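Chemist: Sequence:
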Amino acid sequence: MIDITQSIGPETRVYPGDPKVTVRRIASIESCGYSVSELEMGSHTATHIDAPAHIFEDGRTVDELELSSLVGRAYLIDLSGKTEIRNDEMEEAFPSKDKNRCEIILLKTESSDQKFAKILPDAAEWIAKKGFLTVGIDSESLDSGEGLDNHRVLLGKGINIIENLDLKKVAPGYYGFVCLPLKIKGCDGAPARAILLQSEV
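Residue numbers (the numbering used here): 835 to 1035.
No lab work stands behind these hints: they were computed from the structure. Hints may contain errors.
To be verified - Pairs of lysine-lysine, DSSO-like flavour, derived with a Cα cap of 27 Å:
(1) 964 to 952
(2) 854 to 991
(3) 1002 to 952
(4) 964 to 991
(5) 963 to 991
(6) 991 to 952
(7) 1019 to 1002
(8) 931 to 963
(9) 931 to 964
(10) 931 to 1003
(11) 952 to 1003
(12) 1017 to 854
(13) 1002 to 916
(14) 931 to 991
(15) 916 to 952
(16) 1019 to 991
(17) 991 to 1017
(18) 964 to 854
(19) 931 to 916
(20) 1017 to 952
(21) 963 to 916
(22) 1019 to 854
(23) 964 to 1002
(24) 1019 to 916
As the list claims (entries may be wrong) - For each label pair, taking beta carbons as the anchor points, the in silico distance ranges come out as:
(25) 1007 to 891: 25 to 31 Å
(26) 1002 to 965: 36 to 42 Å
(27) 849 to 1014: 18 to 24 Å
(28) 1020 to 986: 19 to 25 Å
(29) 916 to 851: 23 to 29 Å
(30) 1000 to 1033: 28 to 34 Å
(31) 902 to 990: 16 to 22 Å
(32) 868 to 915: 47 to 53 Å
(33) 990 to 901: 18 to 24 Å
(34) 860 to 1000: 25 to 31 Å
(35) 1005 to 965: 23 to 29 Å
(36) 980 to 1033: 48 to 54 Å
(37) 928 to 844: 21 to 27 Å
Computed from a predicted model, the values in this text were never measured in an experiment. No residue lacks a Cβ here, since even glycine has one placed at the ideal position from N, Cα and C.
Sequences and hints are given; from them, build the entire structure.
Modeler: Written out as structure tokens, the structure is:
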């Protein structure tokens, strides 16, 4: 099992404009006999899932997502070092004969310091046409900061978006994949725990 979830804490980097993470102890074992902390953070903090309501007024919220679409067989494509990602690069990196269809595509870009690899619109369309149920990426956004076109294309087709995965130590290939968001009623997204299984599910 490989944990591909980013940790959440005061040092967690957040998307520009999003609230920083605050963890405040409100009860201690010494004074109360138990420990309780208050958490303050945005719904798109660290490893998280974007629900359609993130972009669309009438979109489904995170508690309404089909969990079955977030569990399944995944393929990880290594696109490290690329500043722009096109559909032909995705096609070249994906196995030409996907014998046992996978539902989830993971993009390893090694983007850092809020300098995202730019996923071009034709690459987002490629993801949609392949019929994936979920796309995950290791950067803070599937868009590069110049609008939310990729979000609109994918969320508009009911394809889940997972951002801020920790894929640094993961090699390309097939994996079993599980990613479950917090069940926050009526919310546009939520932090999630994501794991890979060496034996495909």
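Chemist: Evaluate each hint against the coordinates.
Modeler: Consistency of the hints with the structure:
1. Straight-line distance between C-alpha atoms of residue 964 and residue 952 comes to about 20 Å, which keeps the hinted pair within the 27 Å bound.
2. The straight-line distance between the Cα atoms of residue 854 and residue 991 is roughly 31 Å, outside the 27 Å bound, and the hint therefore fails.
3. Among the hinted pairs, residue 1002 with residue 952 is consistent with the structure: their alpha-carbon atoms are about 18 Å apart, no more than 27 Å.
4. With a C-alpha separation of about 12 Å, the suggested pairing of residue 964 with residue 991 holds against the 27 Å cut-off.
5. A distance of roughly 10 Å separates the Cα atoms of residue 963 and residue 991; the hinted pair therefore holds under the 27 Å criterion.
6. Annotation: proposed proximity of residue 991 to residue 952 holds, straight-line Cα distance about 20 Å (limit 27 Å).
7. Between residue 1019 and residue 1002 the CA atoms are separated by roughly 32 Å; this puts the pair beyond 27 Å, and the hint is violated.
8. A threshold of 27 Å between alpha carbons decides the hint, and for residue 931 with residue 963 the separation of about 16 Å falls inside it, so the pair holds.
9. Our distance criterion of 27 Å between C-alpha atoms is met by residue 931 and residue 964, whose separation comes to about 13 Å.
10. The straight-line distance between the Cα atoms of residue 931 and residue 1003 is roughly 25 Å, inside the 27 Å bound, and the hint therefore holds.
11. For the hint pairing residue 952 with residue 1003, the CA-to-CA distance comes to about 22 Å; that is within 27 Å, so the pair holds.
12. A C-alpha spacing of about 21 Å is found between residue 1017 and residue 854, which places the hinted pair at or below 27 Å, so the restraint holds.
13. With a CA separation close to 15 Å, the supplied pair residue 1002 and residue 916 stays within the 27 Å bound.
14. For the hint pairing residue 931 with residue 991, the CA-to-CA distance comes to about 24 Å; that is within 27 Å, so the pair holds.
15. A C-alpha spacing of about 8 Å is found between residue 916 and residue 952, which places the hinted pair at or below 27 Å, so the restraint holds.
16. Taken as a hint, the residue 1019 and residue 991 pair is honoured in the structure, with Cα atoms around 22 Å apart against an allowance of 27 Å.
17. Distance restraint check for residue 991 and residue 1017: the Cα-Cα separation of roughly 22 Å lies within the 27 Å cut-off, and the hinted pair is therefore satisfied.
18. This hinted pair does not check out: residue 964 and residue 854 have alpha carbons roughly 36 Å apart, beyond 27 Å.
19. Restraint check for residue 931 and residue 916: the C-alpha separation of about 24 Å stays at or below 27 Å, so the hint holds.
20. Straight-line distance between C-alpha atoms of residue 1017 and residue 952 comes to about 30 Å, which puts the hinted pair past the 27 Å bound.
21. Proposed proximity of residue 963 and residue 916 is supported: the alpha carbons are some 22 Å apart, at most 27 Å.
22. About 22 Å separates the Cα atoms of residue 1019 and residue 854, which keeps this hinted pair within 27 Å; it holds.
23. Straight-line distance between C-alpha atoms of residue 964 and residue 1002 comes to about 25 Å, which keeps the hinted pair within the 27 Å bound.
24. Annotation: proposed proximity of residue 1019 to residue 916 is violated, straight-line Cα distance about 37 Å (limit 27 Å).
25. Roughly 39 Å separates the CB atoms of residue 1007 and residue 891, a value that falls outside the hinted 25 to 31 Å.
26. Distance hint for residue 1002 and residue 965: a CB-CB separation of about 28 Å, inconsistent with the stated range 36 to 42 Å.
27. For residue 849 and residue 1014, the hinted distance range of 18 to 24 Å is satisfied, since their beta carbons lie about 22 Å from each other.
28. Checked against the given bound of 19 to 25 Å, the beta carbons of residue 1020 and residue 986, roughly 21 Å apart, stay inside it.
29. Restraint check, residue 916 to residue 851: a C-beta distance of roughly 26 Å satisfies the suggested window 23 to 29 Å.
30. Taken as a hint, the range 28 to 34 Å is violated for the pair residue 1000 and residue 1033, whose Cβ atoms sit roughly 20 Å apart.
31. A hinted range of 16 to 22 Å holds for the C-beta pair residue 902 and residue 990, which are about 20 Å apart.
32. A hinted range of 47 to 53 Å holds for the C-beta pair residue 868 and residue 915, which are about 48 Å apart.
33. Between residue 990 and residue 901 the CB atoms are about 21 Å apart, so this pair conforms to the stated range of 18 to 24 Å.
34. At about 29 Å, the beta-carbon gap between residue 860 and residue 1000 stays in the expected band of 25 to 31 Å.
35. Separation of residue 1005 from residue 965 is about 24 Å and conforms to the stated range, judged on CB atoms against 23 to 29 Å.
36. Distance hint check: the CB atoms of residue 980 and residue 1033 are about 40 Å apart, inconsistent with the given range 48 to 54 Å.
37. For residue 928 and residue 844, the hinted distance range of 21 to 27 Å is not satisfied, since their beta carbons lie about 38 Å from each other.
In this structure, the earlier hints numbered 2, 7, 18, 20, 24, 25, 26, 30, 36 and 37 are contradicted, and the remaining ones agree with it.
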